[in-house]
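Visitor: If you read the protein sequences in the order shown, they are chains A and B.
When you line the first sequence up against UniProt numbering, it's residues 1 to 134, in that order.
When you line the second sequence up against UniProt numbering, it's residues 1 to 134, in that order.
Hints may be right or wrong, so weigh each one.
All copies of an identical chain are treated as equivalent in the list; a pair is satisfied when it fits inside any one copy or across any two copies.
List of simulated lysine to any residue pairs, SDA-like, C-alpha gap at most 25 Å [what the hints assert, rightly or not]:
| # | residue 1 | residue 2 |
| --- | --- | --- |
| 1 | K34 | Q89 |
| 2 | K49 | D117 |
| 3 | K19 | N46 |
| 4 | K19 | V78 |
Think of the hints as simulated: they come from the structure by calculation, not from any bench.
Number of protein chains: 2
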Amino acid sequence: MGGNSPCASCKLLRRRCTKDCIFAPYFPSDDPHKFAIVHKVFGANNVSKMLHEVPVQQRANAVSSLVYEANARVRDPVYGCVGAISFLQNQVSELQMQRAVAQAEILCIQMQQQVDDVPMVQQLSVPTVSIKKN
Amino acid sequence: MGGNSPCASCKLLRRRCTKDCIFAPYFPSDDPHKFAIVHKVFGANNVSKMLHEVPVQQRANAVSSLVYEANARVRDPVYGCVGAISFLQNQVSELQMQRAVAQAEILCIQMQQQVDDVPMVQQLSVPTVSIKKN
């Protein structure tokens, strides 16, 4: 945040924190882990480049998503965030199936109710299709 | 892959591709984009470190997830993979609600059927709870 009180990033990188430091607004000195983890996974230079490519008003969201991704990668070095995506995709598929089963069950009950509501005489008089055997 | 035919990573980094190159098995020279994108997002040094931390038999999966994450970050510089996670979480919530509604509807129909199945006389004789007012 300029001169005397370096942000967490400048502290870790042992450099002077200028008043136009790109990291300072998002990596306060009292939360050193937040920068350390994105630095470990993406590297300070890449984070800096990525933040420069994003409009100022969206940088806080970009930092949050980078921190989330970095934490996921440290927790799961093989799949990282993609593990969560895969898990959620499976959950969506399973829920879509369960919803389809429930909706089919509703349809089935409703059709059964319609059959039950028709008087017996009418049910018996429904024409049947006969297949002629040659 | 050693000496004469460098992998995509060594080609991009302009270095000699040795036979123990950590990138060579996963970044063939005929797919330069695959390495370029993980290098852009994570940096070659970080990718190398991450691969060294993962057992050999899981490195192909680690590379796939890093490529997936890097592509997501390039497509969406603000949210990257986290955008997909957020979208899927919302989809899961909505599906859970739809499943609950469908299951409640089934329960409702079944309870209505039970009421319909009970003879009218029996329905009338069901004891009611009366609340005494003080």
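Visitor: Each hint: holds or not?
Guide: Here is how each hint holds up against the structure:
no.: 1; hint: K34 x Q89; in the structure: between (28 Å within a copy, 24 Å between copies)
no.: 2; hint: K49 x D117; in the structure: neither (70 Å within a copy, 71 Å between copies)
no.: 3; hint: K19 x N46; in the structure: within (20 Å within a copy, 29 Å between copies)
no.: 4; hint: K19 x V78; in the structure: between (38 Å within a copy, 23 Å between copies)
Hint violations for this structure: number 2 only, all remaining hints satisfied.
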